[in-house]
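For the sequence shown, our numbering begins at 1 and goes up steadily by one.
In case anyone wonders, no lab produced these hints; they're calculated from the structure. Among these hints, one or two may not hold up.
To be verified - Computed list of lysine-lysine pairs in DSS-like fashion (alpha-carbon distance at most 30 angstroms, straight line):
(1) K39 / K6
(2) K19 / K80
(3) K125 / K19
(4) K125 / K80
(5) K19 / K6
(6) K39 / K80
(7) K320 / K290
(8) K125 / K6
(9) K39 / K19
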Amino acid sequence: MSQLLKVATVQFEPIMAEKERNIARLLDLCEEAAVGGAKLIVTPEMGTTGYCWFDRAEVAPFVEPIPGPTTARFAELARKHDCYIVVGLPEVDEDGIYFNSAVLIGPEGLIGRHRKTHPYISEPKWSAAGDLHNQVFDTPIGRISLLICMDIHFVETARLMALGGADIICHISNWLAERTPAPYWISRAFENSCYVIESNRWGLERTVQFSGGSCVIAPDGSIATVIDGGDGVAFAEIDLETARARRIGGEAVFRQRRPELYPELLTGTFSWNPYDFFGLYGHEAWPKGKRSRLSAAQFAPSGDISANLDRIETLARQAKAAGAEMVVFPELSLTGLDDPARTAVAVPSPATDRLAALAGELSLHLVCGLAERDGDVLYNSAALIAPDGGITTYRKTHLTEDERSWATAGDSFVLNDTPLGRVGLLIGHDAMFPEAGRVLALRGCDIIACPAAIATRFSTPHAGTSVSQPAPIPTGADPHHWHHFRVRAGENNVFFAFANVADTARGYPGLSGVFGPDTFEFPRREALIEGGEGVATATIDTSNLDSVYPTNVVRRKDLVAMRMPHSYRPLVQAVAGNY
């Protein structure tokens, strides 16, 4: 049964230190939204004061307690229109500690607050990291959570809120350095199958260009409404039952989670110098790493293993000609998609022997998907085959409903050290679960190789933005502005080789690629292929300068180091409710 709710996102340009002007303007915009019928109205991060503060002394005249004078003014408006409003402001607590905060205000007054847990580069000059983690506020209009800007970079934050039952994540931000709606925003809605209401500021402040793009993002990752640049209000009607279904492409993703495989999410392996950590006691020291070439290949596998091997060989030779040292092929690329119980092979077998011979001849690492037979048990597997003939096998841990009819789920994640770097393996649907990629990153993976057969839409275009950005940040149209597996690479600071089946007649779009470890690096270090058979090859670098400390983002993993695992325990607990 539908539960429809009209919501609004507010975008505007606050002026630093002009607090009264900013509040008055925000109240006007919220009034416009409320008169337009919105029951939930979201406004930008630090909207009352502006953002780019030098230090505590400079922001001190503008901080205030919560509840306080500003929240009282918005509460009056909420009472008048029987609506709910999210406001961003700098908070001071009873001990004189400052926070970058967001408040949820309803007709009855203050409902709750969130203090930004992951401060962006300048904020530690004046604000403390937030101490109110992963809350969900149950209101008459739905279950609502709050995040602030940098918080959404971290897969754990939005995931914990969705696990807590959030229908809507209100994300308020001062986002910069890329076109918006930002891919990170879209991925958080998509992977958690919930609504994200995004309110971002726009305009120039102390040389910083903010991106605008305030929007409402649906659980399938589609954009329900958006504002490009300028002040304004945008409305959307959302259906809470769509979020509560927690489905991606028909898959009940929260029921398919494997919390027993996620305990490492509560660790902080990059909280210490990783070159010391991963070499500790001489156990599993990192491979040295190098500059190399990595390929993702796509084609439409059939039920004929011999024919598939021919296609794999042809594409492997293309990758080798492009300088690749590793090539990743699609899920079930060896044995085909249609009848895995019939075509399944053992590892090793004559089919994998032929792959090993090809790997040796071409001095290539090959990653191929296959239906694996182990006695009477079948697995959806991936084999990483080294030039010396060694085979590392990973068995898919997160199965779709259809796969459960023939395959047994694997019970562990797998990694392998190669001359290119440390490689972790995922297969298709695994990569829809942010926990899986994060575990591999925490184990020090430089590369995640992901054979896939994904038909669910995971990429959308961008028509371009009127908001100017400093070079080399692109602002024009992009047919693949959001690619979910590019986000997977950036959030884990890994190279992500995504090799998808290309068979448009059956709904598989291809869109395979090799994506770089920093999604804010332009031009991007990546290669992407659209439909049809082919190979995408990119240069990757897993090496380090002659230093005991990591100088390469894929080794340093900034976004992994800044996690807050002390608040992540619910990620490894069984989820109550209907999931």
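These are the hints, each one checked on the structure:
1. Taking the CA atoms of K39 and K6, the gap is near 6 angstroms; set against the 30 angstroms cutoff, the hint holds.
2. Taking the CA atoms of K19 and K80, the gap is about 23 angstroms. The hint holds against a cut of 30 angstroms.
3. Restraint check for K125 and K19: satisfied, since their Cα atoms lie roughly 20 angstroms apart, inside the 30 angstroms limit.
4. Proposed proximity of K125 and K80 is contradicted: the alpha carbons are some 38 angstroms apart, above 30 angstroms.
5. At most 30 angstroms may separate the alpha-carbon atoms for a hinted pair to count; K19 and K6 meet this at roughly 29 angstroms.
6. Restraint check for K39 and K80: the C-alpha separation of about 12 angstroms stays at or below 30 angstroms, so the hint holds.
7. Proximity of K320 to K290 is assessed by CA-CA distance (about 17 angstroms); at most 30 angstroms being required, the pair is judged to hold.
8. Of the supplied pair hints, the one linking K125 and K6 is violated, its CA atoms being roughly 38 angstroms apart against a limit of 30 angstroms.
9. With a C-alpha separation of about 25 angstroms, the suggested pair K39 and K19 falls inside the 30 angstroms cut-off, and the hint holds.
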